[in-house]
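Colleague: Two chains, each in its own frame: build the complex with the hints.
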Amino acid sequence: MSSNPHSYDPDLTLVADAAPNSATHSRSGEGGRAARELDWSIYMARAQGGDRDAYRRLLKDVTPYLRSIAARHFQNSGDIEDTVQEVLLTVHAIRHTYDPARPFGPWLVAIANRRVVDGLRRQGRSRAREVALDIEHETFAAPQANLAETASDGRVLREAVDELPPGQRDAIRMLKLQEMSLKEAAAASGMSVAALKVATHRALKNFRKMFGRQGGKT
Amino acid sequence: MITTPDLIESLVAGAKPVRRLRPPVARAVLWLLFALAIVSLLAVSHGLRPDLGARLGRPLFVTGLAASLLTGVLAAVAAFIVSLPDRSRLWLLLPAPALALWVSTIGYGCLTGWVGIRPDSVTLGEAADCFATLVLTSIPLWLAILLMLRHVALLRSATAAVAASLAVAAIASTALALFHDLDASVMTLMWNLGTAALLVGLGSAFWERMFSWVASR
Numbered sequence: 001m002s003s004n005p006h007s008y009d010p011d012l013t014l015v016a017d018a019a020p021n022s023a024t025h026s027r028s029g030e031g032g033r034a035a036r037e038l039d040w041s042i043y044m045a046r047a048q049g050g051d052r053d054a055y056r057r058l059l060k061d062v063t064p065y066l067r068s069i070a071a072r073h074f075q076n077s078g079d080i081e082d083t084v085q086e087v088l089l090t091v092h093a094i095r096h097t098y099d100p101a102r103p104f105g106p107w108l109v110a111i112a113n114r115r116v117v118d119g120l121r122r123q124g125r126s127r128a129r130e131v132a133l134d135i136e137h138e139t140f141a142a143p144q145a146n147l148a149e150t151a152s153d154g155r156v157l158r159e160a161v162d163e164l165p166p167g168q169r170d171a172i173r174m175l176k177l178q179e180m181s182l183k184e185a186a187a188a189s190g191m192s193v194a195a196l197k198v199a200t201h202r203a204l205k206n207f208r209k210m211f212g213r214q215g216g217k218t
Numbered sequence: 001m002i003t004t005p006d007l008i009e010s011l012v013a014g015a016k017p018v019r020r021l022r023p024p025v026a027r028a029v030l031w032l033l034f035a036l037a038i039v040s041l042l043a044v045s046h047g048l049r050p051d052l053g054a055r056l057g058r059p060l061f062v063t064g065l066a067a068s069l070l071t072g073v074l075a076a077v078a079a080f081i082v083s084l085p086d087r088s089r090l091w092l093l094l095p096a097p098a099l100a101l102w103v104s105t106i107g108y109g110c111l112t113g114w115v116g117i118r119p120d121s122v123t124l125g126e127a128a129d130c131f132a133t134l135v136l137t138s139i140p141l142w143l144a145i146l147l148m149l150r151h152v153a154l155l156r157s158a159t160a161a162v163a164a165s166l167a168v169a170a171i172a173s174t175a176l177a178l179f180h181d182l183d184a185s186v187m188t189l190m191w192n193l194g195t196a197a198l199l200v201g202l203g204s205a206f207w208e209r210m211f212s213w214v215a216s217r
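Chains as they are written, first to last, in the numbering used here: chain A, 1 to 218; chain B, 1 to 217.
Since the hints were made in silico from the structure, they are not lab data. What you are looking at is a predicted structure, and each value in this text was computed from that prediction instead of being measured. Treat the hints with care, as some may be off.
Stated by the list, open to error - Here are a few chain B residues that sit away from chain A, every Cβ distance over 12 Å (derived from the structure): (1) 7; (2) 11; (3) 29; (4) 42; (5) 55; (6) 60; (7) 143.
As the list claims (entries may be wrong) - Here are some of the chain B residues that sit facing chain A, going by a computed Cβ distance under 8 Å: (8) 8; (9) 15; (10) 19; (11) 21; (12) 86; (13) 89.
Glycine residues also receive a C-beta, built at the ideal position from the N, C-alpha and C atoms.
Chain B extracted, bound-state conformation (with noise of 0.2 Å):
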């Protein structure tokens, strides 16, 4: 085993200039601006849904919508700040209110919407569609957040993994409930609790392996 002296002449022989990380709020608007420009490009491949204008008029959509934006973006800021080994994990906390609104926004929108479902509702062509928007706009924001968090495998990576999942899973809500009508109260709640559920849990169940293999390049 190489001694402690010994080891601190080989770190000191191999360091190198650093560039110091900017502030971690600067850090999340950088990923929100690449997750806009990503939504930007999807509206303009896709399209935005065709009633949107109608339903920016109710306030139970736009309090969902603003409120899973919200999510996203708060939880990306809390990603940023607890991925720093001296930040305290309360941070995490900063997302909660946020999160909060939108699942009592959907719980809301399922209660009354319940009697509305038909079974022909939605159609495995529109859900597939829906799944494509999904895997679109959350593969290439999560590769940008684990990528931009490389560092934390070092640290508390669960946690950040949860607060960065979490930020992908709202991101990607948002831009579904932009792009497609599926506002069946089941499906609503499938889609976005149900994917933000499994981004989350895969993101934290892969999330080391991830960052040690990203970290390692």
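Only chain A is shown next, with the shape it has when bound in the complex (with noise of 0.2 Å):
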């Protein structure tokens, strides 16, 4: 392909030495639109003979434009940067086709679109296999493990807790509900450390009474 590669170059040589990016930036409306598309035609007649400046330009000057037309069709900015990228591949890998004497527009966007269009069946197919997780989600099936807790839970455990005889409800208090450690709470409540242990486990034993009789279940 290109073994003769200047043999197609363009008439073309208008921005020999204009500053291309202010004055791209400085038009505005239609007239602006038909001067940028001109410079990018120029741009890319340049890039097709090898001149990288030009093509390092155009694709700078093009992406903003490949963004706007990316985000009309999705939301996500991970989304919108891979179809501007795959863009960009598309515009490189076919970059013999385009035709200087032709508008440079046209023929950029036909490649967005059709991106843009593989982009959304991409996505379709993702959303048909795919479910996104949010954080309300159930992390598991059974109906129990996704209960939220709510305020009146805490009232019944707090009700629960004061049921229970004073040494299990001390022992409960200190190495559940203050998160004290055995050391800590055997200090403080002069107990020893098995008789905290052994407290604590009669404390549950008694919870799982108390909730199985309510709910059922133990």
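Modeller: What follows is the structure, encoded as structure tokens:
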């Protein structure tokens, strides 16, 4: 393909010493768009001949435009950037199909639309097969695992703690609610570590009985 | 994931001079010249059908032949045009009038020649010979147009596939009409429309896969 790269050199040599970036950005409206596309067309013609600076300028110039096209179809910034990159890759792969005698805009937009459609199809496929997990989604299938904790649960637990015999109540408060270590709890209560363990064990057993009575299950 | 500025730098670093594609009509002409070469080679090796001279005196045959040839030419032009990203898909309609004429000549031949069908009018040997002609014409043409349109893999490959397959089918059918005297109406219909439909179907089905294979080379 590149055996004779200069045989198709265009007659377009307008931008030799123009200041294209500033010129591009200062233009506005229809005339500005036409002028911008003319710049792009000339950059591409030069890029086809191997001018890397013109090619870099072109790709950098079209990127925000491509991003705006992609943003019309995708909300996720990752999807938008993916689409922009795929358009740039396609432009690179088929840059020899651009004819500088024709406007650059429709050529670029046609490629961009193609990649947007591909992206939407990919998104449609993945949406059909995958479900995004949000925080509020279930973690386990069993209904008991997904009961949300409510204020009444806390009240029920505090009442249950109050119902416990004093030794067990102190053990549960220190070890579970205040999250003290066994040593700290032993020092604070004057009970031995073994006695605290036994009291905690019995307290949990009592809880099981109490809540089993309420819920019908242990 | 690579960032867009990094991607641009890597593309720029790999940017070599490229040779621009010739205008689509010029490329279609190149392909048609290749088709002409294939059909001529077949004519030399196989020989034209013996009754071609007499057949050329019949308006229906001439119209059908011209219509299938024109369908092939216009479908090839359409394929090369729609393969470019910025051209309208309406170019696909370019071969439609010729295609309609071709189909109607086959249909007309079928209606008027219906009575003439005899069970022994086509032998297995002839049918196999026909099939060989079909394969010998269509496969090189198909490979050639596939190679010439390989950039379409990244664009509207299905649209180009329909036009390209129709071009190949129409040219192959024209070759069949020149080489074989299978004018029993059902056979004509089967060979012409059947092979055209088969080629368009196969072409469209495998086009994308073939293209991504060719494009990756």
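Colleague: Run every hint past the structure and note whether it holds.
Modeller: Here's how the hints hold up against the structure:
1. Distance check on residue 7/B: its Cβ comes as close as 5 Å (rounded) to a Cβ of chain A, failing to clear the 12 Å threshold; non-interface status is violated.
2. The beta carbon of residue 11/B sits about 5 Å from the closest Cβ of chain A, which is not more than 12 Å, so the claim that it is off the interface is violated.
3. Distance check for residue 29/B against chain A: the nearest CB is about 17 Å away, which clears 12 Å, and the non-interface claim stands.
4. Interface exclusion of residue 42/B from chain A stands, the closest Cβ pair being 31 Å apart, more than 12 Å.
5. Once the 12 Å rule is applied to beta carbons, residue 55/B is consistent with being away from chain A; the minimum gap is 42 Å.
6. Distance check on residue 60/B: its Cβ is at least 42 Å (rounded) from any Cβ of chain A, clearing the 12 Å threshold; non-interface status holds.
7. Once the 12 Å rule is applied to beta carbons, residue 143/B is consistent with being away from chain A; the minimum gap is 18 Å.
8. Using the Cβ-Cβ criterion of 8 Å, the hint placing residue 8/B at the interface with chain A is satisfied: the shortest such distance is roughly 4 Å.
9. This hint holds: residue 15/B has a C-beta 5 Å from the nearest C-beta of chain A, less than the 8 Å allowed.
10. For residue 19/B, the shortest C-beta to C-beta distance to chain A is roughly 5 Å, which falls under 8 Å, so the interface hint holds.
11. Restraint check, residue 21/B versus chain A: the minimum CB separation of about 5 Å is within 8 Å; hint holds.
12. Because the smallest distance between the Cβ of residue 86/B and any Cβ of chain A comes to about 4 Å, under 8 Å, the interface hint for this residue holds.
13. Taking 8 Å as the C-beta contact cut-off toward chain A, the hint placing residue 89/B at the interface is violated, the least distance being around 10 Å.
The structure shown violates the earlier hints numbered 1, 2, 13.
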